[in-house]
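Work out the full structure: start from the sequences and follow the hints.
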Amino acid sequence: MTAPVPILRMRGISKEFPGVKALSGVDFRLLPGEVHALMGENGAGKSTLIKVLTGVHDIDAGEIELGGRKVVFAGPSAAQQAGISTVYQEVNLCTNLSVAENILIGREPRRLGRIQWGRTRRRAAELLARLELDIDVSAPLSAYSPAMQQMVAIARAVDVSARVLILDEPTSSLDTGEVAQLFRVMRKLKEEGIAILFVSHFLDQVYEISDRMTILRNGRLVSEHLTGELGQVELVGKMIGRELADLEKLEGKPLARETEALVEAEDLGRAGAVEPFTLTIHEGEVVGLAGLLGSGRTEIARLLFGADHAGTGSLKIDGRPVSLRTPRAAMNHRIAFCSENRRAEGLIPDLTVRENLILALQAARGWSRPIPRRKQDELVDKYISALKINPADPEQLIRNLSGGNQQKVMLARWLILEPRLLILDEPTRGIDVGAKAEIQRLVASLSDGGMAVLFISAELEEVLRLSHKIGVLRDRRLVAELDNDDDLTTDVLMETIASGARA
Amino acid sequence: MSVLVAGRRAVPRKYVPVLVTACLFAAMFAAGGLRYDSFATGQVVLNVFIDNAFLLVVAVGMTFVILTGGIDLSVGAVVALSTMISASLVTDQGWPSPAVIPLVLAIGAALGWAMGCIIHYFEIQPFIVTLAGMFLARGLCYTIGTDSISITDETYTALAQARVDLPGGMSVSPSVVIALVVVLVAAYVLHYTRLGRNVYATGGSEQSALLMGLPVARTKIAVYTISGFCSALGGVLLSLYMLSGYGLHAVGMELDAIAAVVIGGTLLTGGSGYLLGTVLGVLVLGLIQTIISFEGTLSSWWTKIFIGLLLLVFILLQRLISVRRRT
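Protein chains in written order, with this note's numbering: chain A, 56 to 558; chain B, 3 to 329.
No wet-lab data here; the hints were simulated from the structure.
Be aware that a few hints might be false.
Selected chain A positions facing chain B (in silico; Cβ < 7 Å) [said to hold, decoys possible]:
{"no.": "1", "residue": "PRO131"}
{"no.": "2", "residue": "SER132"}
{"no.": "3", "residue": "ASN147"}
{"no.": "4", "residue": "ASN151"}
{"no.": "5", "residue": "GLY161"}
{"no.": "6", "residue": "ARG169"}
{"no.": "7", "residue": "HIS280"}
Chain A residues, not near chain B, derived (Cβ > 10 Å throughout) [claimed, not checked]:
{"no.": "8", "residue": "PHE72"}
{"no.": "9", "residue": "VAL111"}
{"no.": "10", "residue": "GLY130"}
{"no.": "11", "residue": "CYS149"}
{"no.": "12", "residue": "THR150"}
{"no.": "13", "residue": "GLU156"}
{"no.": "14", "residue": "GLU163"}
{"no.": "15", "residue": "ILE170"}
{"no.": "16", "residue": "PRO195"}
{"no.": "17", "residue": "VAL215"}
{"no.": "18", "residue": "THR231"}
{"no.": "19", "residue": "GLY286"}
{"no.": "20", "residue": "ARG325"}
{"no.": "21", "residue": "ASP363"}
{"no.": "22", "residue": "THR545"}
Computed spacing ranges between beta-carbons, pair by pair [stated by the list, open to error]:
{"no.": "23", "chain 1": "B", "residue 1": "VAL166", "chain 2": "A", "residue 2": "LEU167", "range": "23 to 31 Å"}
{"no.": "24", "chain 1": "B", "residue 1": "LEU318", "chain 2": "A", "residue 2": "ASP538", "range": "46 to 54 Å"}
{"no.": "25", "chain 1": "B", "residue 1": "LEU257", "chain 2": "A", "residue 2": "GLU536", "range": "25 to 33 Å"}
{"no.": "26", "chain 1": "B", "residue 1": "TYR123", "chain 2": "A", "residue 2": "LEU472", "range": "37 to 45 Å"}
{"no.": "27", "chain 1": "B", "residue 1": "GLN209", "chain 2": "A", "residue 2": "LYS125", "range": "26 to 34 Å"}
{"no.": "28", "chain 1": "B", "residue 1": "GLY147", "chain 2": "A", "residue 2": "ARG424", "range": "54 to 62 Å"}
{"no.": "29", "chain 1": "A", "residue 1": "ALA447", "chain 2": "B", "residue 2": "LEU278", "range": "54 to 62 Å"}
{"no.": "30", "chain 1": "A", "residue 1": "ALA418", "chain 2": "B", "residue 2": "LYS306", "range": "39 to 47 Å"}
{"no.": "31", "chain 1": "B", "residue 1": "GLN209", "chain 2": "A", "residue 2": "LYS243", "range": "50 to 58 Å"}
{"no.": "32", "chain 1": "B", "residue 1": "ASP53", "chain 2": "A", "residue 2": "THR367", "range": "55 to 63 Å"}
{"no.": "33", "chain 1": "A", "residue 1": "GLY248", "chain 2": "B", "residue 2": "LEU105", "range": "51 to 59 Å"}
{"no.": "34", "chain 1": "B", "residue 1": "TYR123", "chain 2": "A", "residue 2": "GLY248", "range": "39 to 47 Å"}
{"no.": "35", "chain 1": "A", "residue 1": "GLY122", "chain 2": "B", "residue 2": "LEU318", "range": "53 to 61 Å"}
{"no.": "36", "chain 1": "B", "residue 1": "VAL315", "chain 2": "A", "residue 2": "ARG174", "range": "36 to 44 Å"}
In this text, a Cβ means the ideal position worked out from N, Cα and C, and glycines have one as well.
What follows is the structure, given as structure tokens:
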């Protein structure tokens with residue numbers, strides 16, 4: 056078999072940010088008509104490689120060849136014109152414009168400089184029809200779900216260039232059905248000869264859709280494989296650079312505990328958010344919340360943290376009734392809440408790791424009592440090494456860190472406060488296997504140390520692995536509270552979510 | 003495609019703010035007509051246009067800027083500078099008006115362009131840059147002269163006194179015609195050209211617009227240039243209206259222009275709004291003044307109080323609409 060000629064070839068790519076060597080001497084190639092997965096932990100250099108490829112960053116060394124010709128991109132628009140389009144994890148479209156405009160803006164059909172709206176809408180509808188979508192293209196984009204917006208972004212990307220399509224974690228906010236739809240679209244595009252670069256943290260999805268994969272670690276190329284020739288375990292080993300044994304250690308289920316009740320919620324509820332529920336969290340206990348997206352998991356967390364006011368019911372901490380009117384009140388009771396969107400609700404990208412870490416502690420102490428620098432350094436060093444934050448440089452700016460490491464900083468910020476109840480809302484979403492295992496291990500050891508944890512995750516296996524007790528939510532109602540004994544499996548959990556009662 | 007023949011629903015939410023302003027205008031006009039004799043005539047509305055043609059032109063430029071999510075505080079000062087340059091060149095230097103007007107427009111556009119460049123390339127908040135521009139332009143007025151300079155040039159006075167007759171014995175000044183032409187051209191640019199669509203896209207999300215490969219730099223600089231040009235044109239119209247140039251003309255006009263744009267339903271965060279709304283916003287502001295002058299016993303400060311209240315109500319309305327959109 057003769058090997059097809061790569062449409063894209065990158066050789067010896069290096070890129071350095073202040074204090075971080077993001078890529079060093081990476082080679083990468085992309086063949087037409089294949090889905091190529093780019094694999095690696097957070098901070099391995101996947102995002103940087105993509106940004107270099109799309110002209111967002113320039114390269115310090117190396118060269119990029121597209122269709123046999125050497126190219127240098129001055130910016131995203133230059134890369135697009137050359138035939139490389141990207142759909143990012145967060146949909147980068149303008150939700151205030153119509154669907155048709157989002158697909159075609161910058162390339163609207165015109166006559167004498169006048170945009171022809173009729174033709175624009177027809178063309179947009181045709182493009183969506185090619186992806187087997189039939190939606191009202193004159194409606195504003197904001198009227199559609201994130202999944203549909205993603206499809207619109209792909210329609211745009213394909214129409215712009217249609218030689219190389221980069222999908223950067225397109226599936227992280229999609230449900231199963233939507234992922235299947237996306238994959239159908241990807242296969243269709245693949246048949247048309249488009250080269251697709253796919254980044255995802257879901258190994259199953261990578262194995263389902265990709266033909267070939269390239270693995271990066273610490274900014275270096277590890278290897279390139281045909282997907283069929285590399286097993287999942289080997290892949291993970293290559294990604295994290297150590298044996299999977301570390302991961303397996305957690306396999307044993309934790310034991311239920313007999314300790315004092317820490318937080319007792321009785322008929323706590325809020326109209327429109329979550330139906331009244333009763334839940335007791337004991338000291339050192341990990342309580343998992345399982346349920347579909349929008350089933351009320353986050354709403355429960357927000358009630359317990361005082362971010363929303365409860366409409367009904369009562370809350371007791373240490374057996375004494377309390378009313379958590381604000382997050383501050385909850386923090387005074389040493390309840391911490393690590394929210395699911397770390398970008399919007401937590402980290403300050405232009406401050407350093409140290410400053411971000413210290414923020415919550417400083418706020419809790421009050422501004423009139425600054426934390427001595429020596430104490431700060433001690434604390435920061437402790438948590439950087441405990442959580443293996445990479446790079447281990449306290450003075451690095453947060454925005455130079457990868458997503459998983461940002462998440463660790465966020466977590467560390469709350470841990471510094473030494474909370475008694477730590478609420479984690481999707482702490483492992485969008486981060487890689489290695490970091491995921493580290494965070495899971497951390498949760499287990501925190502609970503061994505007596506901290507109670509409310510653990511919210513869409514991944515049932517993870518919930519099952521960590522929790523002593525699992526609350527199952529469905530349609531904004533806590534439908535079941537299951538002890539994590541030997542009989543409990545993901546199947547049982549799924550059935551409970553589906554049927555609303557333990558089977 | 004089926005989507006093209008899809009039936010129209012009640013009123014798309016994006017038109018709600020403009021409709022509210024239109025209803026408000028109609029209600030004020032009706033109330034004035036009931037309360038005062040000789041109020042409910044077409045000429046009253048046309049007088050509002052005549053008295054506010056310059057504000058309308060300035061507000062058009064401001065609409066572009068606000069649609070991108072920016073703000074231009076320099077417009078009032080640029081208006082004053084334009085009247086001052088016009089007056090001093092025409093009266094003191096004896097320049098012919100056909101040479102003066104293009105020069106003034108070019109100066110306004112150049113000032114706007116410079117501010118746009120600074121805002122974009124140095125990534126400084128538009129608020130600060132245009133605040134500096136405001137002081138600069140206002141200061142330049144006084145280097146030309148500290149007193150009011152009256153204009154006696156024939157072309158100016160002829161234009162100032164000319165009336166375009168309309169059917170029904172009504173008439174408007176040439177300024178109104180110019181202002182309406184500006185509105186129509188601007189509406190065309192916003193809705194039927196790439197520049198206009200890029201303005202909306204940039205206001206919707208600058209980051210997205212950049213990643214979609216749109217010329218964000220050019221768009222941002224263009225809107226401040228347009229605003230500068232419109233301010234200069236507004237200054238020319240004001241010098242026709244006042245027949246003088248003065249460093250204290252148009253004090254606070256930037257705030258009137260912003261108020262008109264916001265009352266017209268344009269979101270201060272950018273990306274949403276219509277020029278028709280801005281026209282209605284200017285008309286509402288003008289009608290408040292008219293009603294107060296008809297009332298006769300109220301001091302003109304009541305105008306400010308009403309504008310303040312209206313602004314508050316409309317910003318709350320915007321908030322409600324955008325909150326509902328998010329949920």
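Practice prompt. Quick one: which hint numbers does this structure break? Sort them smallest to largest.
Written response: 7, 9, 10, 11, 12, 13, 14, 15, 16, 17, 25, 31
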